[in-house]
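**Student:** Quick note, the sequences are listed as chains A and B, same order. Residue numbers for the first sequence follow the working numbering, so the first one is -14 and each next one is one higher. Residue numbers for the second sequence follow the working numbering, so the first one is 131 and each next one is one higher.
Hints may contain errors.
[Said to hold, decoys possible] Below, computed lysine-lysine pairings styled on BS3-like, alpha-carbon distance capped at 25 Å:
id, chain 1, residue 1, chain 2, residue 2
1, B, K466, A, K32
2, B, K410, B, K466
3, B, K175, A, K244
For the record, the hints were derived by calculation from the structure and aren't laboratory data.
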Amino acid sequence: MNMKSIFILTLYLSFSFTLPAQTTFDYDTDIAPVLEKYCVKCHGPEKQKSGYRLDSYEALMTPGESEEVAIDAGFPMTSPLIEYLLLPPEDEYAMPPEGEDAPSGDEILTIARWIHGGAKSKSAGQGKLSLEKLLGENAFPAVERLRTKGAVIDKLAENSSNLVVDLQRLAPKIDASAIEDLKSVGPYVHEFRAALLPSSAKISEWIGTFENATRFDLSHGKFGDEIVASLNRLGGIMYLNLFGTQLTDSGLEDLQVPKSGQLFLGNTKVRNAALAKVRADKPNVTIYGNPDVNQTLGITEKASRN
Amino acid sequence: MITRREFLQKSAMGFGTLALSGTMQQDLLGSTMPLYPKTPHFAPKARSVIFLYMDGGVSQVDSFDPKPQLAKENGKKPKFKVDPTVFNNNGNILKSPWEFKHYGESGIPISDLFPHVASCADDLCIIRSMTAFSPNHPNANYALHSGHILSGRPSMGAWASYGLGTLSQNLPSYVVIHGGQVPSGGMQCFGSGFLPANHQGSIFLSQHPVLNNTSFQESSANLQKKKLEYLGEMDGTLEARLSHSEAIESAIQNYELAYRMQMEVPDVTNISNESEVTKKLYGIDAPYENTRSYAAQCLMARRLVERGVRFVELTINPGNGDRWDQHSRLVDGHQKNAMAVDQPIAALIKDLKSRGLLDSTLLVFSGEFGRTPFAQGTNGRDHNPQGFSMWMAGGGIKGGTIYGATDEYGYRVVEDKLTVHDMHANMLHLLGIDHTRLTYRFSGRDIRLTDVHGEIIPEILA
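When you get a sec, could you build the whole thing from the sequences and use the hints?
**Tutor:** Laid out in structure tokens, this is it:
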């Protein structure tokens, strides 16, 4: 860490009075939102500049190409992340790069204090728990009941605290009690696969409980534009599959998610012009329509001529 | 009474008799669902695999690995050392009869044998440095499927089933959609070896009846259920008397799965309700009958994967003169084999992509070995295990890439050599399985699909 950074950090530590008198900080509540705002665009699922990601606690603690962990727990002054944040914007190594939105002094100070306090995450390590312990005595029985009805629910991976919920067998005959149970596991769900949901499932009334999910497969669902408003509240969506639903051009116009990632609109009521428009409007989202059968026929025809 | 957790642990280990307690999983027979999904070691990229098995060995220099040097030396005696081949009737350098063009943004060169697959170039990761363990069909087939050149080891599909179970409890976890061409080495290529028998590949045909005995023979469903329950009771009593009874457990489980399949199989294999556009896309109405039949297989594969079947493998159709094994008449044989699979495979990629399934489905296209860059006789090519091409696409694969290289003739690998162990390791990796941890104790050893080998290749992963 160069002297200039230390000087600037000292300045912040001495003169920042606006920070609330919070003494302990946690990754999920205090740090992740800051990183999400300024860093994840280039160091996340879409791009991994310098081979480095900051979109999860585990990623933040894993070195990129430099083979240097960005966080030295307990020591903000020797944590490369702090150094990069404090470099003057014109410096080659300054992060975020010159011209991009940069975190405020208070935000940097929050990160520094979090590192000083040991760079902890309450949720990290939860992944090691069994599903039963992870969900506790309120939500786990709901999982058991849903499984009995044919849902497949499991942790994403051994050391993950995220759940994958697959309703392929339950969805077509889902009932009110199953929906109640889904609501209680909603916050734990990372991926929700529920093709063939009937309109009677009234999905817009409860999909909001899946506030942390990133992948939603709602394909072949018997619903359309009426679910758009509730989907829009789920800002973390990275994969949204509406293939075979009744979505129309106007629903698509109102749809604000995913902000980046993949959106599937084949076999809906969305017309090609609207599809083209949304493709132009949302360069960060890859939008999939129906396969181009004319291209296929053209290839066959050309091949048969040769 | 057993707890839920005990149940899951025990069923994961395969205590078939628990099925008879009927306390869990309110299915038709109150089954324990031995193939209930298991937690992956790490977050999976792919949920399912579709293995496009190109029986006989596609010629790499005529498909995915262009070698202009062959045209320059066409008809000349090879300047390089030629190893003995199977027929050892090795002729002169034989240039590719097909032209290569560059496709997609990636500009990957693909020959005119595969114009449809070429339209998906940016989705493919072409591995040009694959090798085989044997120059003989049966041994290379066993190795491709099980990592071992001798018969009797579990197939990769059985390992995937053993490692992860399946999302559809009414279907087997490993399905082979059989085009009719029995691989050299036999259908045991798809076997479960020493793994419990419920992991073995179930053979579906591409045309009706896809599976025999899937309709009730009893006068009522209830009567059949009663019979099966009685059968299960007798098997359970026998199992209780024997100390080691894995075979009986598997038999009980397979009876129950077969019962549930009666409901699901006719529906999942019925492609008549697919839209006309989809049928056209796959080539269900193609002029060449083997395209039609492979189209049905690919469409069925998509429908199985949609329902969560873990591993689907497609064998080819025998009506192309021969498998991809053109010891003579390369042009005719390869052209027909390619025409049968090209459009359906491209359609599968495009259809999966449109439905949001390509990023969770790993497609693997490979034969058991490649073919020689020099002729066998005048117009054929012999087996070449020393370097050939395969490709992967979909779940977790970096599309639009080429990995590895053969020499200027396409004969031997010179860069980034891969073996079947590496292929298997990467397939399991994408499914969320650490291949070094997926073991089964047999004859006193903890055996892996990848033996003590297998490297994860970061360059091919997205």
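**Student:** Do the alpha carbons of K466 (chain B) and K32 (chain A) lie within 25 Å of each other, as the hint requires?
**Tutor:** Measuring from Cα to Cα gives roughly 42 Å; hence the hint is violated.
**Student:** Holds or violated: K410 (chain B) and K466 (chain B), Cα atoms, limit 25 Å.
**Tutor:** Satisfied, since the Cα-Cα distance of roughly 19 Å is no more than 25 Å.
**Student:** Between the alpha carbons of K175 (chain B) and K244 (chain A), is the straight-line distance 25 Å or under?
**Tutor:** holds (21 Å)
Violated hint for the displayed structure: number 1, the only one.
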